[in-house]
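Protein sequence lines, in the order shown, are assigned to chains E and X.
Numbering-wise, the working numbering puts 37 at position 37 of the first sequence, and it's gapless, one number per residue.
Numbering-wise, the working numbering puts 75 at position 75 of the second sequence, and it's gapless, one number per residue.
Check before you lean on any hint, since a few could be wrong.
Claimed, not checked - Quick list of in silico lysine-lysine cross-link-like pairs, BS3-like style, CA-CA up to 27 Å:
id	chain 1	residue 1	chain 2	residue 2
1	X	Lys15	E	Lys86
2	E	Lys25	X	Lys15
3	E	Lys25	E	Lys80
4	X	Lys6	E	Lys80
5	E	Lys86	E	Lys25
6	X	Lys6	X	Lys27
7	E	Lys180	E	Lys134
8	E	Lys86	E	Lys101
Think of the hints as simulated: they come from the structure by calculation, not from any bench.
Fair warning: this is a prediction, and the values are worked out from it, not measured in the lab.
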Amino acid sequence: MAKVTREMVERAGVDVDQLLELLVKNAAAELTTYYYYTILRVNLIGLEGEGIKEIAEAARIEDRNHFEALVPRIYELGGKLPEDMKEFHDMSACPPASLPKDPTDIKAMLTVLVEAERCAVRGYTQICNMTAGKDHRTYDLSLAILNEEIQHESWFSEFLGEGPSGHFLRRGETSPFVRKFLE
Amino acid sequence: MQKFTKNELAQYNGKDGAPAFIAYEGKVYDVSHSFLWQDGRHQVLHTAGVDLTASLDQAPHGADLLERCPVIGMLDED
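The task is simple: from the sequences and hints, build the whole structure.
So this is what it looks like as structure tokens:
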């Protein structure tokens, strides 16, 4: 634990235990989503599925990066990950992004993907709201993750016919916003 | 439709196997089967068994998400 780091956040008025629980739950959401997206990705096949596979893969890798980026902050603040992986899965801040009953139903697949991203957008918005002006490092990290989750949502939303995303697909490496936390 | 006083609603807090009910704008919703309300807790900050009308104004989502859960009664404001 980084003692003074935690003290500064507490003195700024943040309930650090509450914040840590949120960070661990969102870390669980990232890692479980990475797992479930792996299953979704391999089932994105055929003429329609192949068109979505690339963005699903980018979102999958970036969600894993979000997990990696969250872990150091959890420990800096004096928190820890559960030892039991099953417990970690079940405490996720977002529901499982499970494969639809009919994996050839592309709209159902996209709905699972966009719902997962929307849950993440809500979660990091909440953490940003809690930490803005008080816990600069957690805010910076959460904002970086939020930027990527918003892009993921807009990609899948566009394929669902909800309007243009305004974004191009990733060029070059993944996680343009979160990368600085992965050093 | 069943009416709940605030004291009655408080019994449905999702703990120790109890159902999890919450109130919003006079309606009582059953959130027991929502993954996001396990053990009567929601995103660390909220607990079941209470009227969350004021809290929803601060939440990063609207009332539309509540509509996914069944309305099982009305909150008796008296």
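Cross-check of the supplied hints:
no.: 1; hint: X/Lys15 x E/Lys86; result: 20 Å, holds
no.: 2; hint: E/Lys25 x X/Lys15; result: 19 Å, holds
no.: 3; hint: E/Lys25 x E/Lys80; result: 11 Å, holds
no.: 4; hint: X/Lys6 x E/Lys80; result: 37 Å, violated
no.: 5; hint: E/Lys86 x E/Lys25; result: 13 Å, holds
no.: 6; hint: X/Lys6 x X/Lys27; result: 12 Å, holds
no.: 7; hint: E/Lys180 x E/Lys134; result: 21 Å, holds
no.: 8; hint: E/Lys86 x E/Lys101; result: 23 Å, holds
Going through the hint list in order, the structure does not satisfy hint 4, though it satisfies all others.
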